[in-house]
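Protein sequence lines, in the order shown, are assigned to chains A and B.
By full-length UniProt numbering, the letter at position 120 of the first sequence is numbered 120, and the numbering carries on one by one without gaps.
By full-length UniProt numbering, the letter at position 160 of the second sequence is numbered 160, and the numbering carries on one by one without gaps.
Because the hints were derived from the structure by calculation, they are not lab data.
We put the beta carbon where it would ideally sit given N, CA and C, even for glycine.
Where hints are given, some of them may not hold.
Straight-line distance between alpha carbons at most 27 Å, and here's what the computed DSSO-like set of lysine-lysine pairs gives [unchecked claim]:
id, chain 1, residue 1, chain 2, residue 2
1, B, LYS136, A, LYS79
2, B, LYS15, A, LYS69
3, B, LYS69, A, LYS4
4, A, LYS82, B, LYS4
5, A, LYS15, B, LYS82
6, B, LYS82, A, LYS79
7, A, LYS82, B, LYS45
Beyond 12 Å from chain A on every Cβ pair, some chain B residues (computed) [as the list claims (entries may be wrong)]:
id, residue
8, THR24
9, THR25
10, LEU28
11, HIS34
12, ASP38
13, PRO76
14, GLU95
15, TYR96
16, ALA98
17, HIS104
18, VAL108
19, GLU110
20, ALA132
21, LYS136
22, ALA160
Ranges between beta-carbon positions, derived for each pair [stated by the list, open to error]:
id, chain 1, residue 1, chain 2, residue 2, range
23, B, GLU171, A, ALA80, 42 to 52 Å
24, A, ALA93, B, GLN16, 32 to 42 Å
25, A, ASP106, B, GLY17, 20 to 30 Å
2 protein chains.
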Amino acid sequence: MPIKSLIRTIPHYPKQGIQFRDITTLLLDPVGFHLVIDALALHYKHHHIDKIAGIEARGFIVGAALAYKLGLGFVPVRKAGKLPAETIGHDYALEYGADRVELHLDAVTEGEQVLLVDDLIATGGTAQAAAALIQKLGGVVVGCAFVIDLPDLGGSQRLADSGLKPFSLCEFEGN
Amino acid sequence: MPIKSLIRTIPHYPKQGIQFRDITTLLLDPVGFHLVIDALALHYKHHHIDKIAGIEARGFIVGAALAYKLGLGFVPVRKAGKLPAETIGHDYALEYGADRVELHLDAVTEGEQVLLVDDLIATGGTAQAAAALIQKLGGVVVGCAFVIDLPDLGGSQRLADSGLKPFSLCEFEGN
């Protein structure tokens, strides 16, 4: 996939030993950005999807453009304390510490088919927490779409094992 | 503009006396979200634009979908410490305290025409700081596009006075 060649690797970011996969160089490229959205749209062409949920903050970029392309509404999954109306939240463990994602109570209704979108899947903790919120509201997670998978971190396998149907446009080895 | 009827007002958020204009109800609506992007695209149809810069985080949603629609690349203007490569930053004053936005050094090149996008213009401090970053890199701010203007807070007037050409799809009185 030519998309991969537009992704920049930043060594030792945000800390020693981590190879950070930076999609800003891909987003910056008009053809690359268009290709990302069109490739995701093509993959989900025959799926019934009611709305797109994007995970803050890079998932907003990919998810919102995909929602526009597919003619769907967009729901932001945000970090704690960012959504103004009534929310539900889900806490999850990080390597060190914990984090929390939130969703507006009216963002998803019973039986709706929701496609979850983020830029990258690593250990999958955030995506699993976001999926749990959608399911708590009665929504069905049709799939989880990413630009990049880091399969060595096991997140996509974990999502697959939970029936969350991950799909990514490209993979990078290592962390 | 029917867009306005899809925006929810949350009284006293994030603090007493503030009427928060919440676009999540608009984004949630497939027709409303599509209309927002198409209305912005129509407004800028005859402008020469090289790329879209969206301000974190809600500006990512509107800006990325607009970039997709217009076939342009997308540049994220982020809060301090969020961008992985080399950045420039701009500090600006808030009502209480200060904040900072950052841009990758390679996000804009000399002479490029950039459209700045956010969901809402209030006092205009963030938009002015983001515009300053684009200009520091040699870019030209073609305009600043918003879904909502709060004209009583004077931000759009301030941007206009600075030659930053603000445009909004709808207005709300008060704060």
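Checked hints:
1. Under the criterion of a C-alpha separation no larger than 27 Å, the hint pairing LYS136 (chain B) with LYS79 (chain A) is inconsistent with the structure, at around 31 Å.
2. This hinted pair does not check out: LYS15 (chain B) and LYS69 (chain A) have alpha carbons roughly 36 Å apart, beyond 27 Å.
3. As the CA atoms of LYS69 (chain B) and LYS4 (chain A) are separated by approximately 22 Å, the hinted pair is consistent with the 27 Å bound.
4. At most 27 Å may separate the alpha-carbon atoms for a hinted pair to count; LYS82 (chain A) and LYS4 (chain B) meet this at roughly 22 Å.
5. A threshold of 27 Å between alpha carbons decides the hint, and for LYS15 (chain A) with LYS82 (chain B) the separation of about 13 Å falls inside it, so the pair holds.
6. The hinted pair formed by LYS82 (chain B) and LYS79 (chain A) meets the criterion: a straight-line CA distance of about 14 Å does not exceed 27 Å.
7. The straight-line distance between the Cα atoms of LYS82 (chain A) and LYS45 (chain B) is roughly 33 Å, outside the 27 Å bound, and the hint therefore fails.
8. Not every Cβ of chain A is farther than 12 Å from the Cβ of THR24 (chain B); the closest lies at roughly 6 Å, contradicting the non-interface assignment.
9. Once the 12 Å rule is applied to beta carbons, THR25 (chain B) is inconsistent with being away from chain A; the minimum gap is 8 Å.
10. Listed as outside the interface, LEU28 (chain B) is inconsistent with that label: its C-beta sits roughly 5 Å from the nearest C-beta of chain A, within the 12 Å cut-off.
11. Not every beta carbon of chain A lies more than 12 Å from that of HIS34 (chain B), the smallest distance being close to 6 Å; the non-interface claim is violated.
12. The Cβ of ASP38 (chain B) sits about 9 Å from the closest Cβ of chain A, inside the 12 Å cut-off, so the non-interface label is violated.
13. A beta-carbon of chain A is positioned within 12 Å of the beta-carbon of PRO76 (chain B); the least distance is around 6 Å.
14. Consistency note on GLU95 (chain B): stated as away from chain A, and its beta-carbon is indeed over 12 Å from all of that chain's, at 18 Å minimum.
15. No Cβ of chain A approaches the Cβ of TYR96 (chain B) within 12 Å, the least distance being about 17 Å, so the stated non-interface status holds.
16. Look at ALA98 (chain B): its CB is around 20 Å from the nearest CB on chain A, clear of 12 Å, so calling it non-interface holds up.
17. For HIS104 (chain B), the requirement that its beta carbon stay farther than 12 Å from each beta carbon of chain A is not met, with the minimum near 6 Å.
18. Once the 12 Å rule is applied to beta carbons, VAL108 (chain B) is inconsistent with being away from chain A; the minimum gap is 9 Å.
19. Residue-level check passed: GLU110 (chain B) sits 15 Å from the nearest beta carbon of chain A, beyond 12 Å.
20. Residue-level check passed: ALA132 (chain B) sits 20 Å from the nearest beta carbon of chain A, beyond 12 Å.
21. With a least beta-carbon separation of about 17 Å from chain A, LYS136 (chain B) lies farther than 12 Å from that chain, consistent with its non-interface assignment.
22. No Cβ of chain A comes within 12 Å of the Cβ of ALA160 (chain B); the nearest lies about 27 Å off, and the non-interface call holds.
23. GLU171 (chain B) and ALA80 (chain A) have their C-beta atoms about 31 Å apart, which leaves the hinted 42 to 52 Å range violated.
24. For ALA93 (chain A) and GLN16 (chain B), the hinted distance range of 32 to 42 Å is satisfied, since their beta carbons lie about 35 Å from each other.
25. At about 25 Å, the beta-carbon gap between ASP106 (chain A) and GLY17 (chain B) stays in the expected band of 20 to 30 Å.
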